[in-house]
Every structure is written in structure tokens, then in C-alpha cells.
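Colleague: Sequence:
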Amino acid sequence: MAEHLLLYADEPYPLPMMDTQTLLEQLAKRAFDFFWRETHPDSGFTKDRAHNHERDRFEVSSIAASGYALASLPIAVRRGWLSRTEALRRAHRMMDGHLQLEHQRGWLYHFIHWESGKRMWQSELSSIDTGLFVMGALFAAHAFEDAPLTRKVNLFYERMDFQWMLTDGGAKPHARTLGHGWKPETGFLANRWDEYAEHMFLYVLAMGAPNPIPKDCWDAWRRPIVHYKEYELLLGGPLFIHQMSHLYLDLRGRRDRLGYNYWISSRNATLAQRAFCIEHRARYKTYDADVWGLTASDGPDGYRAYGAPGWVEHDGTVAPTAAMTSIIFTPDLSQRAAKAIYDRYHARLWGRYGFGNAFNVDRDWYDPEVIGIDLGMMLLALENHRTGYVWEVCSKIPAVQRGMAAAGFRVTGERDEAAPLRST
Numbered sequence: 049m050a051e052h053l054l055l056y057a058d059e060p061y062p063l064p065m066m067d068t069q070t071l072l073e074q075l076a077k078r079a080f081d082f083f084w085r086e087t088h089p090d091s092g093f094t095k096d097r098a099h100n101h102e103r104d105r106f107e108v109s110s111i112a113a114s115g116y117a118l119a120s121l122p123i124a125v126r127r128g129w130l131s132r133t134e135a136l137r138r139a140h141r142m143m144d145g146h147l148q149l150e151h152q153r154g155w156l157y158h159f160i161h162w163e164s165g166k167r168m169w170q171s172e173l174s175s176i177d178t179g180l181f182v183m184g185a186l187f188a189a190h191a192f193e194d195a196p197l198t199r200k201v202n203l204f205y206e207r208m209d210f211q212w213m214l215t216d217g218g219a220k221p222h223a224r225t226l227g228h229g230w231k232p233e234t235g236f237l238a239n240r241w242d243e244y245a246e247h248m249f250l251y252v253l254a255m256g257a258p259n260p261i262p263k264d265c266w267d268a269w270r271r272p273i274v275h276y277k278e279y280e281l282l283l284g285g286p287l288f289i290h291q292m293s294h295l296y297l298d299l300r301g302r303r304d305r306l307g308y309n310y311w312i313s314s315r316n317a318t319l320a321q322r323a324f325c326i327e328h329r330a331r332y333k334t335y336d337a338d339v340w341g342l343t344a345s346d347g348p349d350g351y352r353a354y355g356a357p358g359w360v361e362h363d364g365t366v367a368p369t370a371a372m373t374s375i376i377f378t379p380d381l382s383q384r385a386a387k388a389i390y391d392r393y394h395a396r397l398w399g400r401y402g403f404g405n406a407f408n409v410d411r412d413w414y415d416p417e418v419i420g421i422d423l424g425m426m427l428l429a430l431e432n433h434r435t436g437y438v439w440e441v442c443s444k445i446p447a448v449q450r451g452m453a454a455a456g457f458r459v460t461g462e463r464d465e466a467a468p469l470r471s472t
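Residues 49 to 472 in the numbering used here are what the sequence shown lists, from first letter to last.
Treat the hints as calculated values from the structure; they're not laboratory data.
Check each hint, because a few of them may be wrong.
To be verified - Here are the simulated DMTMM-like cross-link-like pairs (lysine to aspartate or glutamate), alpha carbons at most 20 Å apart as the crow flies:
| # | residue 1 | residue 2 |
| --- | --- | --- |
| 1 | K333 | D304 |
| 2 | K263 | E280 |
| 3 | K220 | D242 |
| 4 | K166 | D194 |
| 5 | K277 | D336 |
| 6 | K77 | D363 |
Claimed, not checked - Listed next, with one range per pair, are the computed distances between beta-carbon atoms:
| # | residue 1 | residue 2 | range |
| --- | --- | --- | --- |
| 7 | T68 | E193 | 46 to 56 Å |
| 8 | L306 | W359 | 32 to 42 Å |
| 9 | D363 | E193 | 28 to 38 Å |
| 10 | G218 | R103 | 20 to 30 Å |
| 11 | K277 | H99 | 32 to 42 Å |
| 12 | P64 | T472 | 30 to 40 Å |
| 13 | Q170 | D391 | 40 to 50 Å |
Note that CB positions come from ideal geometry on N, CA and C, so glycine has one too.
Put together the whole structure using the sequences plus the hints.
Modeller: What follows is the structure in C-alpha cells.
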């Protein structure tokens, strides 16, 4: 039992208690450890998930996880976890591998084999996941200021045909919302990025690209507003919807040309979800004022898109990374959540890569695995909370600057804490 719970061979058991700042440091470092250890040293592809306590035989890579692996490298160098030489060697290996992957018009398959790069699970060419890969690559290239790496990243970005994904290959020439993807067996997927979701960064990339889509595409997707208790927010249950774009794009104190402040919406979504968990704590033992965080995650009955409010899916399962990633919106509450979850549940939940992906006290279920994209989102959020480094670098990327300008973002000078979600 003790050997199963050991984090590394020389670490003590029982596990030590940690103060909050030490815990945040451990969460960040162990998230990076996932990306360093679970990226294939030859192919450069990063596993979608891994076992948190022992070696595993997982062989599926996620291109989104690979994007976060690239983004983790400059952070690791900055934190002293890795030398610049080692980081650049890995970044070049990853770009070489991903440039050689099978693609259509620059778009990659969502899941591939960790070693060979072959398509897995009949997955789609994914617009959002290819976007997450190139966003991480752009951040890494601009952080390192390495000309050969920048050339490789630009080559990848420039070959992405955003018009093809916008118009379903020309079949819908007047379309103004990007599609979710394409499969060789069935063609373009029916779903589109036509309502508020995690896709804002993808539109910024598309409008800032060398072959940009029209800027009115930003205005074309719906933005339904919902209310929960005293909170006003854009509709979206799982927290990752409200977090993903903010990890690269600094949207604090900014509104787009439609008058929306998306930072306010995401902060309110976090506060509303915590209030939802408090309201339902009598029914579910997992929830309380310091234990919350519903997002797409593993659960006792499989992977589910947990979330609330707005549209609700929950069974008492909490994903620690969901609360941690909201540290950029609710720093005090997210740190309290980290400490509470560790203090109460570390004996069942903590491993070599930090917290397991999720847990459910009522079902006595503690996930023995971690998921790459969730660790990546948390790592970027922790670094932005600590230094603002990812935001600082990304704000200087010309493509991001062009995309943000195309969306009409402007600095308002207002205090986010007191401002309305939308100003007309």
C-alpha cells in the first residue's frame, strides 16, 4: 500500500502536510513532470493521459496535450526545472514530429499513436485541438526567441487553411463560424463553433493568420447570458469552457467591439459554480465551500462533461484542476480549494503528477489517472497567477495582436471586479 502511494522512491510516507505556497509549487512542478516524462523522446508526441502512481501502457497521444507540453517548456526554463538547451532540443523534436504528421490542409487528427503518429480511435481532424497545439507552439517560439524554432512553428501555422475549416471546403462560402472538424469517412462534422465556448482563442488565431478569416466571424457566434443567484455569466456548464482561452489571451480589463468583458463572465462562472456546489453539499459529501470544480473529467462511471450552472451535469464528482485553473479569476478561493483537497484527500488522490484527475467521496472513487490537457491548463494558470508570464509573451505575438484587433478588443480602464459583463 505504501509503495503504491509513494510519489518518488525517496519521498516519505505518510505524505507530509504542505503550506499553500509549497503546494502550488508542487502542483506546477508535477504538472511539468507529466509533460516531460510522458512526451515520447523520439516522436515528440505527448500522451493524452497517464497513471498517477505507477508505469502504464497508455499509447494514445493528444495533439492538444502536445501543445501544452510545448507551452510547459519555457515555464520550466524560467522556473529552473530545465536548461534552455534541453528545452529547445525537446521543442525542436516535437515540432519536427508534428510537421511530419498526416494532415489535411494543416489540420491534425485529435488522437494519434504515441510512437508512430498514426490516427487513433477513428478520431477527427480537430479544429480546436490543432488550435491548442499551434497556440502552445507560438508561445514557446516567442518565449525562446529561437529563429530555427520560430521558422518551424510559422511553417505549421501558415499551412493551416482556416478558410477550408470555415466554409466546409468551399461548400458553404458564406459561412461565418468555424467547424469542429473533418473525417475522411464522412466529411465535415455537423457541429460548429457557433455559440460561446472554449473557442475564442481559435477565432483569434484564425483572424490573425496569414490567410485570415473575415473579422465579422467574431460577431457570428451566439453569446447567451444566464443568471445564477447574484451572478451573470455566459452560458457554459464545465469550467474549462470559461478558462481555456484566458490562459493565453490576457482579457483582463478589455472588451470586444460587442461590449463583452469575458474575464468578468469567467470569474462569475467560477463563483456561480462554487455557490452551486455549496447549495448541493447536503446531497453530495464531496462538495463544500472549499471543495468544488466541475468540468469535463473522468468520473466513477466514465468521462463526462460535468458542469453547472446554466446547463447542469453533476453527481458529486470534483476535478481539482478545475478549481486550480480558476486561480486567475478567484485566487483566494482557488488556493483554499487546493489546500482543502490536499489536506483531506491526499492519501487517496495525490501522486507523481499531483492530484488525480477527479474524485467522488460518495462513491469512494479516487481517479488513479491524470489527463494532459487539464494539467496543462492548470500549469499555465498557475504561472499567470504567479508572474503573468504566458500573458506577457502572448501579448507580443503578432498573430495574437492582429486577431485581438480584428475582434475589436480595447482596454477600458475599468475595474473588472465592479464592471458589468456587457457594456453597450
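Colleague: When you take the CB atoms of T68 and E193, is the distance between them in 46 to 56 Å?
Modeller: Violated, at about 34 Å.
Colleague: Honestly, do K277 and H99 meet the 32 to 42 Å range at C-beta?
Modeller: Cβ of K277 to Cβ of H99: about 39 Å, so the range 32 to 42 Å holds.
Colleague: Within 20 Å, alpha carbon to alpha carbon, are K220 and D242?
Modeller: Distance ~14 Å between K220 and D242 Cα, so the pair holds.
Colleague: Cβ-Cβ distance between Q170 and D391: within 40 to 50 Å?
Modeller: 43 Å, holds
Colleague: With the threshold set at 20 Å, check whether the alpha-carbon distance from K277 to D336 stays at or below it.
Modeller: 17 Å, holds
Colleague: That 20 to 30 Å hint for G218 and R103 (C-beta), does it hold up?
Modeller: At 47 Å between Cβs, range violated.
Colleague: Regarding the pair K166 and D194, is the alpha-carbon distance no greater than 20 Å?
Modeller: Answer violated: K166 to D194 is near 29 Å, above 20 Å.
Colleague: Within a Cα-Cα threshold of 20 Å, do K263 and E280 meet the stated pairing?
Modeller: 27 Å, violated
Colleague: Looking only at beta-carbon atoms, does the pair D363, E193 fall within the given range of 28 to 38 Å?
Modeller: 47 Å, violated
Colleague: Checking one constraint from the list: CA of K333 to CA of D304, max 20 Å. Satisfied?
Modeller: Outside the cut-off at roughly 41 Å; violated.
Colleague: Given a hinted range of 30 to 40 Å, is it respected by the beta-carbon distance of P64 and T472?
Modeller: Distance hint for P64, T472 is violated at roughly 53 Å.
Colleague: Are L306 and W359 spaced within 32 to 42 Å by their CB atoms?
Modeller: 22 Å Cβ-Cβ, so the 32 to 42 Å window is violated.
Violated hints for the displayed structure, listed by number in ascending order: 1, 2, 4, 6, 7, 8, 9, 10 and 12.
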